[in-house]
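K.L.:
With the hints as a guide, bring the two chains together.
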Amino acid sequence: MLTVQELESGYGPMQVLWKPSLQVKKGTVTALLGPNGVGKSTFLSTVFGSVEPWGGIIQYEEKDVTALPTHKKVEMGMALVPEGKHLFPNMNVHENLAMGAYVKKALEHKEESMDLVYNLFPRLKERHKQMAGSLSGGEQQMVTIARALMTKPQLIMLDEPSQGLAPVLVQSVFETIQKMRDEIGLTILLVEQNADAALNAASYVYIMHEGLIKAEGNPEEIKGSSDIREAYLGI
Amino acid sequence: MKKEITKYYPLIPVFAAYLLLFLIGRNISGMWQLVAMLLFYCALGQAFNIFLGMTGYVDFGYVAFMGIGTYGMALAITKLAHIEGLGIGIIIIGFILALLMSTLLSVAVGAVALRLRGAYFAIATIGVNEGFRFLIEGARIWNGSEGLIFTAQLNEILGREAASSLMTYWADIMVLIIAALAAFVTLYYMRSKIGYALTALREDEDAAKVMGINVTKYKIIAFITSACFAGLVGATSWALKTPYVFPPEVFEIHYTIEAIIIVLLGGAGTLLGPVAGGLIYGISKYYLAIFMPGFQLLIFAPIIIIIIVLFPEGVVGMLKYRLKDSALARFII
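Keeping their order, the protein sequence lines are chains A and B.
Residues in the first sequence are numbered consecutively from 0, following numbering that gives the first Met the number 0.
Residues in the second sequence are numbered consecutively from 0, following numbering that gives the first Met the number 0.
Incorrect hints may have been included.
What the hints assert, rightly or not - Straight-line Cα separation of at most 20 Å, PhoX-like style, residue types lysine-lysine; simulated pairs:
no., chain 1, residue 1, chain 2, residue 2
1, B, Lys323, A, Lys103
2, B, Lys323, B, Lys284
3, B, Lys192, A, Lys71
4, A, Lys104, B, Lys192
5, A, Lys128, B, Lys323
6, B, Lys192, A, Lys103
7, A, Lys104, A, Lys62
8, B, Lys319, A, Lys128
9, B, Lys216, A, Lys71
Rather than coming from a laboratory, the hints here were simulated on the basis of the structure.
Keep in mind it's a predicted model, so treat the numbers as computed, not measured.
Bound-form chain B, shown alone (with noise of 0.2 Å):
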């Protein structure tokens, strides 16, 4: 049984970091905006980490699990806004269709590129966000290029105080639990079966092969599983938080490529990473746009190459080798 607990310790440094986070933006005022950015890139690193960190594989077309997930999120509002006394349900709904389009999309997409290999793969999920973006602009689904708007139904389902609260707060705490949530299936992954298999994989993909690992399947896994935290991630931070959705804004590739760094800086594969990627990416961010707006990528490029070069394995794979014979070395992984 206490074997079963340590097995979660290195789970407490990232809650405590979360809700440190939760703390400062709860009591410092003025500090909420920063914090739910932080808390959005933390979660977009968590839940790429799942496939990125694990597997080794780089998606370059992540961000349209996050697009399809916000569309979920607002298909379901203004398709069932109609319906009398759904209230809340509405958006629990829209989280299920969320994770259902994600997943679909994750099974489309992973079935024909991850039977590619390194930048084989990369290559064939550039054009994914791109392709699915111009579909939907040029089908003209789900209301085309004009995208979705939905305040008003928000407001009118749930009235004006609570969507408007939605929008500035809870949102943003549930963006905080779907980070968590990622967290803990990212450990337990790597406590079981998965995990071993994955690290396999990462390691050497035919090697993997000749243990008897069955690679695709937990490469399938950890593709939707990642997909499908995105596409949460979306569900949240994109839709509810800014209740509208246009195709250029959610299919851009911009956030894949945040993704990779956040996941990169903090330590692929690591428990931790994402949750320092995210903090050192956005707090950067944040403070150069206000102090040298205009050059914050030229100072901001600069600091990437330097820990990368500094630490390869990322801050989170630095700490983790020097503290590898220490009594924190279980919390940190």
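Bound-form chain A, shown alone (with noise of 0.2 Å):
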């Protein structure tokens, strides 16, 4: 669904991605791990659109969208959850969601896409007039989550959502992603730090280190393989 080869970017003077390429498959979680500032976010962001690309290819369901600007890529189904929960506080919940089904696809859409997000996370139901920045940091990462779903994708790309939240949170967010793949029939390209729980959810794992793919492989391979588990994950 998503074929990214030999893709470069960076920032002003300092060059970020060194040419990593990765496929995610359609109906699959694919996981990008690695550990801080080895350019995972970069990768999401530029594959995204909001960090322009130097070179390299991005293929999203077989056609060239290397150089297509951000709000052209949602319209053809691609979502990208932030990291670091960037919601619209003064707008309640159900105004945060209702953002979401802002192009024209979505809109067509919005009323069952909004089902389908309250019943994925009821907790959000219970309070939709609330306003968003007043929510919890786990409630907050489900509107981010939800809000990116209200835009109708077919692959949402996800940066680090357990990040900062408690074990039993990070828990629930990796339920949804699996209940996102499974009862939505979402791709899922999952970007964590926390390897462990990624390992457990993903189909296929990418490891990214100083802008490169390290490694990569069935989850039971890189859980096996003790020097890619010491050397780049830490467990």
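P.N.:
Shown next as structure tokens:
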């Protein structure tokens, strides 16, 4: 569904990505793991178009989308849940979700998306009139994921969804990810530092280090290789 | 159909305020001067609100668009005065030129400055009016620092009597129309996709991008619209009311600051806010200057601080919140 070949990008004169390649198969959860500061978030931002690619090819559903701006990618069914809970703090939960259905295709399916999202996160339905800024950390993370679902995506990219959450909430985030795959049929690209939880949820794993893909394989293979685990994941 | 009309209910208090101003000015002798000033401040606030209020970006170079609009009208009148039989048409050409020039300037400024965010945007724009002023003076564009004086041309084209009633009465009526038009456009934007995009962008630009909103496009739309209204305000309130233009006067940063105060006092991003802000600001400025000449700024500053502390969302922002669940809610946004 998503094929990235030898992607290069960075900020100003500083190159962050040194030609990593990656593939996400339809209907799977693919995880991109690695420690802090190796370019995982930059990778997602570049794929999504909020950081301009310097080189390489990004293909989505067999179309070359390398140079497309972000809003075009959203229309094509890509969604990004950014790191650090970017909400609209002065809007209530319902309004935040409604904003998600901004592009035309999403607006046509607004009501059904709303039902789907409230089904997935019953907690948000209870709180739909509450200001997003006053929610707890876990609830805010739910809103950002739910809002991304409102854009009616086929591919959803999650940037560290478990960041800053209590262990019990981390577990519920990963349960949600599996539900999104199994019940909604989404394809998921997951960026995580929480390697343990991600290895359990993913069907294929890439390990990134210093802007490169250093290893890839099934979760079992990664777990089985003590070299990889110790060198890059610290577990 | 009914829904279509209720959409525009919030214009009622705005238009009522303008009508009231007009009636007061018309019927109470000696009030027209104050009313004219208030209309100017309301129009200024209403125009600036489209950008500052709706995007949350602070443009410190805003007065440059008023200045360029003033020049648009001035150039039309000075350059075309020799054409016979143009009559009132010359003012229409002046408005078109003012619109054109403020659009061009806003595209040029926006294309560079709108790539920046927050404080960086504010700093980048702070030099626009000064730079433009020195460019005109230094390069002797449009008569440089000597400015353009076109009282004689106006008298010649329209006749002495008509020109004088244009300056003392009709120019103010045009300001009123511009203010009302700006209010209408504000509400139209608020009620359309543009408004939702801008609200999202004001709350969190990155999140707005992720929603598939082309933030650059909507920022530029708001910027150009707001600049065009500034150009129109300049063309009427400055060029037609006082038929001369000098660079230091029309590129004076003071007016930008006044516009910011008006929008924040009334409530940024609200429809009625600029009217409330313009009235509060204009009336206090006028009467403080009469009753305490020389001390008006000293007294004025604490008043502004008090209002901002009491109502951080502006007067109308506070009203909106208080009246949230009442029947009046649909009139005040």
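K.L.:
Quickly compare the C-alpha distance for Lys128 (chain A) and Lys323 (chain B) to 20 Å and report which way the hint goes.
P.N.:
Cα-Cα ~14 Å, so holds.
K.L.:
For a C-alpha distance cap of 20 Å, please report whether Lys192 (chain B) and Lys71 (chain A) respect it.
P.N.:
Status holds; Cα separation ~17 Å.
K.L.:
What's the verdict on Lys104 (chain A) and Lys62 (chain A), does the C-alpha distance respect the 20 Å limit or exceed it?
P.N.:
holds, 19 Å
K.L.:
Verify the proposed pairing of Lys192 (chain B) with Lys103 (chain A), using a straight-line Cα cut of 20 Å.
P.N.:
At roughly 10 Å apart (the allowed maximum being 20 Å), Lys103 (chain A) and Lys192 (chain B) satisfy the hint.
K.L.:
Is Lys323 (chain B) close enough to Lys284 (chain B), meaning Cα to Cα at most 20 Å?
P.N.:
violated, 31 Å
K.L.:
Verify the proposed pairing of Lys323 (chain B) with Lys103 (chain A), using a straight-line Cα cut of 20 Å.
P.N.:
violated, 30 Å
K.L.:
Holds or violated: Lys319 (chain B) with Lys128 (chain A), Cα cutoff 20 Å?
P.N.:
holds, 17 Å
K.L.:
Given the hint that Lys104 (chain A) pairs with Lys192 (chain B), test it: the Cα-Cα distance must not exceed 20 Å.
P.N.:
Holds, because 14 Å separates the two Cα atoms, which is no more than 20 Å.
K.L.:
Checking one constraint from the list: CA of Lys216 (chain B) to CA of Lys71 (chain A), max 20 Å. Satisfied?
P.N.:
The given pair, whose Cα atoms are some 13 Å apart, holds under the 20 Å limit.
In this structure, the hints that do not hold are numbers 1 and 2, in rising order.
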